[in-house]
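**Student:** Chain order of the listed sequences is P and S.
Counting with the working numbering, you get residues 64 to 409 for the letters of the first sequence.
Counting with the working numbering, you get residues 64 to 409 for the letters of the second sequence.
Derived by calculation from the structure, the hints in this document are not laboratory data.
Positions of the beta carbon are idealized from the N, C-alpha and C atoms, including for glycine.
Misleading hints may appear alongside valid ones.
If you want a taste of the chain S side facing chain P, the calculated C-beta under 10 Å gives, among others [to be verified]: (1) Q98; (2) F102; (3) E187; (4) L199; (5) N219.
Here's the letter readout for the chains.
There are 2 protein chains.
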Amino acid sequence: MNNEQMSDVFSTLSQAMLPAVTQEMRSVLRANQTQTDLFYGMLHYHMGWVDEKLQPAQVHAGKRIRPLLTLIACQAAGGDWQQALPAAAAIELLHNFSLIHDDIEDASHTRRGRLTLWKIWGMEQAINSGDAMFALAHLAMARLSQRGVEPLKVVNSLRRFDETCVQLTQGQFADMDFEKRAKVSVADYIRMITGKTAVLIALCAELGALIAGADDETTAHYAAFGRNLGLAFQVKDDILGIWGDEALTGKSAASDILTRKKTLPVLYGLDQSWEMRQLYAQTDHNEQFVPQVIAILDEVDARRFARQKAIAYSDSALEHLAAASPQGEAAAALQQLADRLLQRNY
Amino acid sequence: MNNEQMSDVFSTLSQAMLPAVTQEMRSVLRANQTQTDLFYGMLHYHMGWVDEKLQPAQVHAGKRIRPLLTLIACQAAGGDWQQALPAAAAIELLHNFSLIHDDIEDASHTRRGRLTLWKIWGMEQAINSGDAMFALAHLAMARLSQRGVEPLKVVNSLRRFDETCVQLTQGQFADMDFEKRAKVSVADYIRMITGKTAVLIALCAELGALIAGADDETTAHYAAFGRNLGLAFQVKDDILGIWGDEALTGKSAASDILTRKKTLPVLYGLDQSWEMRQLYAQTDHNEQFVPQVIAILDEVDARRFARQKAIAYSDSALEHLAAASPQGEAAAALQQLADRLLQRNY
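Model the full assembly from the supplied sequences, consistent with the hints where possible.
**Tutor:** Below you can see the structure in the form of structure tokens.
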């Protein structure tokens with residue numbers, strides 16, 4: 064199969080799956096009722112379905128990579144993707160719960176070009192809205208039973224779902240803790256992004272396989288595929304956050320340096336260069352800060368270090384995918400999804 | 064059986080059950096490991112197991128009414144209370160999750176005589192700690208499988224757990240919303256306290272019965288017993304918040320009036336008296352505010368109105384308990400627990 068045909072497979076599957084995921088989420092969040100109160104209205108706003116006045120809106124709400132991965136993995140593992148819809152919806156709602164709380168914790172005023180929930184309705188209500196979204200994500204999971212998934216599988220899926228939730232909060236804990244710490248090792252950092260990003264991508268592929276009825280070994284390969292995919296994608300994002308093309312990334316080049324974000328290339332630079340540690344120890348910076356940091360990072364070859372890490376994770380992801388022996392057109396679609404996320408344009 | 068013996072039954076059961084609940088919660092929150100990181104340490108602090116420096120502490124952490132009700136209801140419905148331990152622990156952890164977030168939302172500086180979690184470690188980490196406690200409460204529920212509870216019962220218990228979580232957030236939403244609203248009806252208020260307090264007490268009794276294997280009708284009576292018990296207790300608390308004996312309630316008399324809390328007697332007064340509405344419309348109050356409000360409440364007989372409500376809920380609770388036909392010494396213990404909570408000293 065050539066690239067063009069593979070692209071068609073992914074697009075064809077996505078076109079069938081995305082409206083079904085949206086429908087499932089809307090049903091859980093009671094978005095199809097004629098009257099909506101503010102309690103659900105705030106959640107609909109966050110999802111991009113209504114505006115600040117709770118009037119219908121059409122806002123681009125992300126690529127929905129997570130639910131697509133869940134459903135395609137289910138089909139590739141021999142299952143019926145429609146059975147996995149509640150899990151796909153649950154994971155997307157869980158992701159959105161974490162965004163609501165992250166926006167408060169990071170004091171972010173905007174998301175996807177709109178005011179964040181807490182900026183409109185206040186921090187107090189936004190904390191509670193996030194809690195509601197978290198509970199509703201669990202109720203989405205509970206709908207697996209209605210799709211004929213047997214109770215033992217539902218229990219096991221829910222346990223993995225909540226173990227992942229705990230890891231997500233551990234990742235967020237570490238991320239906030241890093242800002243205050245003078246020394247963060249590369250190993251600390253990998254642990255943090257594993258919790259904050261990779262475990263959720265891993266859960267997508269894992270639950271897809273689990274619901275399809277894959278054996279434990281195959282399910283573990285799907286999970287490892289997702290985890291490495293998530294790690295590779297995050298490290299790639301770190302590279303683009305420093306050396307990325309503004310026109311492609313949508314954020315100003317070197318923005319991660321200006322905000323002093325402790326990403327992988329920066330941590331490597333801090334580890335390798337005394338000069339870099341001196342620079343980061345200063346609290347106020349002049350215009351030369353960004354070019355000075357980049358010069359040091361180039362000197363210690365931080366980009367190459369990060370690139371090697373990203374490639375290692377990419378390779379590992381693809382090895383686990385092969386070991387999982389995905390079947391049919393969904394196998395091609397998974398490969399295509401991975402290729403898109405792992406494009407080596409960095 | 065006379066009162067003295069009943070008291071013995073409740074005490075005897077509590078003495079066996081409480082250490083088991085604590086042990087179950089400590090296991091879920093990894094409190095028995097030799098090394099504790101700050102992530103779990105903050106949760107242990109909130110539970111009263113360690114101090115600010117994460118050194119062992121012994122702090123009175125509430126009466127643990129909720130887990131006791133869960134376990135005693137399970138036994139009264141013919142079950143083995145040890146099987147319900149994960150649910151009892153989960154409900155207590157869920158309650159504590161909501162306290163962590165409520166303390167942020169209400170800007171409370173202290174709880175049970177100690178600084179609140181967010182006052183020590185900051186609002187950002189405290190939001191995340193609450194999220195972690197929420198996820199861990201779900202993992203506590205997942206341990207029902209390890210106690211031999213069949214998967215279908217675990218799935219049904221988890222669904223009821225999360226439906227209750229959504230109702231709790233709806234109750235908290237309404238509570239915060241009321242502070243901004245000029246007009247709150249008695250019906251609005253009952254709906255709010257149902258969500259904020261009563262549904263969780265209902266869940267305790269319901270899950271106890273469900274795990275014991277009670278039929279749907281009996282389980283519904285246990286739930287209704289808990290719900291009415293919770294409502295009666297909350298309305299009683301409202302009365303004591305205005306007319307309570309400082310020595311018994313631990314808070315200064317009429318404190319709810321000073322803080323302008325919209326409790327049942329106040330809402331009744333606002334509905335009945337134009338003078339009261341005028342008083343509450345003013346933003347700064349002189350020393351005469353509290354005595355003036357109490358004079359109006361006495362004039363419109365607000366205490367009697369609230370007392371009648373509390374008695375109606377109490378009676379309904381006890382009727383549902385009788386209809387549930389609880390068995391053995393646990394039946395006496397449930398009656399005793401209800402009598403303690405519903406004592407008519409108001």
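**Student:** So, for every hint listed, does it hold in this structure?
**Tutor:** Results of checking the hints against the structure:
1. Of the supplied interface hints, the one on Q98/S is violated, with its beta-carbon coming no nearer than about 15 Å to a beta-carbon of chain P, more than 10 Å.
2. Satisfaction of the interface hint for F102/S is found here, the shortest Cβ-Cβ separation to chain P being roughly 5 Å, below the 10 Å cut-off.
3. Nearest Cβ of chain P to the Cβ of E187/S: about 4 Å, under the 10 Å cut. The hint holds.
4. The closest approach between the C-beta of L199/S and any C-beta of chain P is roughly 6 Å, which is under the 10 Å cut-off, so the hint is satisfied.
5. The criterion of a C-beta within 10 Å of any C-beta in chain P is met by N219/S, whose closest approach is roughly 9 Å, and the hint holds.
Hint 1 from the list above is the single one not met by this structure.
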